[in-house]
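Colleague: If you want the building blocks of each chain, they are given just below.
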Amino acid sequence: MTTQDSIAAPVAAPATETPAASPEYQRYLAGLKRERLLVRAWQLAIIIGFLILWQIAPNQGFVNPMLTSYPSQVLSTLIELVKNGSLFVHTWATLFSTIIGFAGSMIIGLILALSFWSFPNVYRVLDPYMVVLNALPKIALVPIFYIWLGDKSSIYAMAIIVGVFITTLMLYTGFRAIDPDKVRLVRLYGGTRADLIRKVLLPGTVPMMISTLKVNVGLSLVGVVVGEFQSAKSGLGYLIIFGSQVFQMNLVMTAIVVLAIISAGLFAAIQLLESWLYRTRGGNV
Amino acid sequence: MTGSPSAGIVRPELAVRNVGLKYMTPERELVALSDINLDVAAGEFVALVGPSGCGKSTLLTLMAGLVAPSKGKIAIRGTDITAPSHRVGFMFQKDTLFEWRTVLQNVLIGAELLHLDRAAAQRRAEELLIGYGLEEFLHSLPHQLSGGMRQRVALARTLLPKPDILLLDEPFSALDYQTRLALSDEMAGILRSEGKTVILVTHDIGEAVSMADRVVVMSRRPGRIKSQFNIRFASAARPTPLQARALPEFNDYFRKIWDDLDMQSQTQALQ
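Read top to bottom, the protein sequences are chains R and P.
Note that this note's numbering has the first sequence beginning at 1, numbered continuously upward.
Note that this note's numbering has the second sequence beginning at 1001, numbered continuously upward.
Chain P on its own, in the form it takes in the complex (with noise of 0.2 Å):
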């Protein structure tokens, strides 16, 4: 399973090519990602997890082209990303709203630098904040709302320039427990009725199964791509992250991949 192209892929929405990339410190060299190889069809919902330090938000930000990689190459639908583009969003860990702009003004940030028609862009950002819950808060500033509203905020915000790629960079971890149950699953319904190719980094294993179609673990640094698990259930229709997490094969998988994560070497090796 290890390093091959999953099968039935005939021109994948995202290609990653043999990517590597060092980091050079005054102190030493160091290998971030090695060798990767991953290929992420149109639709597909992948998750990536793996030890902390294993590279794994690096990767993200080599896919948004905020990073260059130093070996390899990564492309959208057969075009190398250089720079950031706006058919890839890109979600970090903290909602990273601006405290001096109102709900609305968060939500229009992108289609201000992109210089996209602002008559629309308001529209689609009143429909997606109604959509999601918001409309009380439209004009309210990020500080009068609950951790998860504002995740909701930057959800939006991400998708209103209409991405192809969703790039999620832990975007539960800084949200208490049932939040952040409540929150992955609304947002596993969105991305997938909107059909988005979605890119989540996240170490928390049980999110990964129930949210992603395939999950991608990582080992410790050097960053490398050990294993892949596809992520299929026995119902017919898709469950949702929260109805997963209620089924046998949930914990198969979840058992599988801590095995393959080896925690506990590490723990011990901590202690």
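Isolated chain R (complex conformation) (with noise of 0.2 Å):
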């Protein structure tokens, strides 16, 4: 997209000032809009291929329907727990906890990336339990934190805690990016350290800020659910476990659908904020 973007946009500057576009131009943009078109139809094709293909094989004997579930099935099952009103509970509950853990890792995690940044010898301390920490795979800490926290708690740590090193590592790397002259130029006119984060360092580092978002809405969700599974009375997490439980494999499936919907959600949101963003401060996202 952004290749051709910046190829059109230097033949589209002229075709804005004479009414009428030459031939070749006008062939050119029903290509670039056939190509789109193209990609739209395929994305759409292979979500419809796999929907018509998990009804089929088991209704043909492919695969055994009680492992598989149908869609149609994912879809009655969805329809029921909308009626009962569970559904809302659940993916509240879910979409809650993921919201608390992304804001919680990315606010701990600015805390400390702006510690770091400050006092480079405490960074240089704490580094290698930084990285280790970072690799340790949280979701072992899931009982810990279900016997110190309770059921409720323990999901929120979890959810803050898969995101919150990883946040802290990226956020750190895009500060000790920031161009030393800058950091200089706010020193010349004597500002302060809370100046040169205000000033400096909080907006020079948007778009960095935008992509640990996105490491953190998936990141976050795993923690979640992670959670759920382990205490949890309520949530998506908890629906997969319990349907699980009782070989109620609709149950998992719509479960698990209502997650790929949320995590595509989030997504997008955050994706709306980055061309909100681009818009607002010029293409220096």
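By construction, these hints were calculated from the structure, which means they are not laboratory data.
Just to be clear, a hint being listed does not mean it is correct.
If you anchor each label on the Cβ, the simulated ranges turn out as follows [said to hold, decoys possible]:
| no. | chain 1 | residue 1 | chain 2 | residue 2 | range |
| --- | --- | --- | --- | --- | --- |
| 1 | P | His1143 | R | Ala268 | 25 to 31 Å |
| 2 | P | Lys1022 | R | Ala135 | 37 to 43 Å |
| 3 | R | Tyr129 | P | Ser1227 | 52 to 58 Å |
| 4 | R | Val125 | P | Asp1262 | 45 to 51 Å |
| 5 | R | Leu136 | P | Asp1262 | 58 to 64 Å |
| 6 | P | Ser1235 | R | Ala177 | 48 to 54 Å |
| 7 | P | Asp1035 | R | Val125 | 37 to 43 Å |
| 8 | R | Leu273 | P | Arg1118 | 25 to 31 Å |
From chain R, some residues computed to sit far from chain P (all C-beta separations above 10 Å) [said to hold, decoys possible]:
| no. | residue |
| --- | --- |
| 9 | Ala20 |
| 10 | Ile100 |
| 11 | Phe119 |
| 12 | Thr173 |
Just so you know, these numbers come straight off a predicted model, no measurement behind them.
Glycine residues also receive a C-beta, built at the ideal position from the N, C-alpha and C atoms.
With the hints as a guide, bring the two chains together.
Modeller: Put into structure tokens, the structure is as follows:
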């Protein structure tokens, strides 16, 4: 897309001035449009093909329907859950924990990264621990958190901890990459550390924050669902565990579909934020 | 000529006294600057030239109060420099504009940090930018501007808090040749008309001779002042840098400074 845009730009500019675009240019535009449509068509074809396969394969006895369920049954389960109101409860529980998770890991990560930037020696001391903690499979902590924090808080803690170390490391890298002359410039005008943070570090790392958010959404969802496996009485993770224990694959599959929709929704929200920033900041994201 | 302060300075605007600077790295101890003595009069335009790595840019950061010398003192009008001051403006090699701020907001950064009156600062910023032909770009973002325009914005940002002394660290080196000539001509005019004291670091002898009243040549590491040349042209009025380049004296000074820099032996050493 980007390359197409940049190629199109110089051609498009004179075309807006002259009322009639040349036939070649019209053909070029039509070609671009066709390409876009083709990509969309393929995307649609894949999901439809998948749904058809999922419906037909168990029907024809290629796979055991007890294990895979059907899209049609998932749909009816979904409708049922909407009717009895439990879909909203479970979805909201998971969504809420996820938002706590990525907001929490973002805020804590930002504070940690700013402290590391302000006190490089602290970072030098903590660096190996950060690396190990980041690499540690946080899922191993689920039982401990459950014992320490109880059912609700352990899920929040899980959602935060899965993302907080990578957030810290990414933001710290972003702060380190800031042009030292920009820091000098603020110092030349007698700027304080708070000035540096407000006027250089934070606005200068917005693109990095966006990519951190993108990473975090996925991680937080993982943390929440795993946390819910252990301890929850509601939430989509709970629905999955419950469904598998009573061997109700419809329920499990439905919960997974809703999870997919949530993650797509959250990702779309971040992309909206990104494109809004892109417009207001003139392509500096 | 070497080391002696120029005649006729009663109380220098900027005085550098026996300044030395040592860097320490785990590998070695490095003497970057040694025994630097320099007096700059108010309104004088001094150019520092020297081979790369001679510490001329480092000397500028000392004058700005960003780095403290290991030895000696630097004073502005008799007051020792211990920290950056708004009386000293600094221009970097790169324009160092904040990509997320508009042109006007970039020019106002100093005013914000120094807590100057906002409305007055904004009026002055607009005046400066309009004066530099940027009236259409007040609310543009830096990436929409050409290199020369960006450096003009940086100049406006530097001049906004009305510094008495300007330290220019190769401000034209990132520009293409034509823009560089045009902008140095324009900037020299602006700085002279405002009566600023200027210290320009450059590796470009032509730029130094055409713009400055005095050219100070520094030697290779440890950086010392090797020689100084007062640039005088026969014409009554001070020629602009572009005019100066066409005068016979320009070539004389150029050749003298070139010989003094001893670039030949350097290139041979590199080969």
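Colleague: For each hint, tell me whether it holds in the structure or not.
Modeller: Tested hints:
Taking the beta carbon of each, His1143 (chain P) and Ala268 (chain R) are about 27 Å apart, inside 25 to 31 Å as hinted. A hinted range of 37 to 43 Å for the beta carbons of Lys1022 (chain P) and Ala135 (chain R) is consistent with their spacing of about 41 Å. Range check, Tyr129 (chain R) to Ser1227 (chain P): about 56 Å between beta-carbon atoms, so the 52 to 58 Å window is met. With their beta carbons about 48 Å apart, Val125 (chain R) and Asp1262 (chain P) fall inside the hinted range of 45 to 51 Å.
At roughly 60 Å, the beta-carbon separation of Leu136 (chain R) and Asp1262 (chain P) lies within the given 58 to 64 Å, and the hint holds. At roughly 50 Å, the beta-carbon separation of Ser1235 (chain P) and Ala177 (chain R) lies within the given 48 to 54 Å, and the hint holds. At roughly 40 Å, the beta carbons of Asp1035 (chain P) and Val125 (chain R) sit within the given window of 37 to 43 Å. Between Leu273 (chain R) and Arg1118 (chain P) the CB atoms are about 30 Å apart, so this pair conforms to the stated range of 25 to 31 Å.
Its beta-carbon lying about 29 Å from the closest one in chain P, Ala20 (chain R) satisfies the requirement of being farther than 10 Å from that chain. Listed as a non-interface residue, Ile100 (chain R) keeps its Cβ farther than 10 Å from every Cβ of chain P; the least gap is roughly 29 Å. The Cβ of Phe119 (chain R) sits about 20 Å from the closest Cβ of chain P, beyond the 10 Å cut-off, so the non-interface label holds. No beta-carbon of chain P comes within 10 Å of the beta-carbon of Thr173 (chain R); the shortest separation is about 18 Å.
When the structure is compared with the earlier hints, no violation turns up for any of them.
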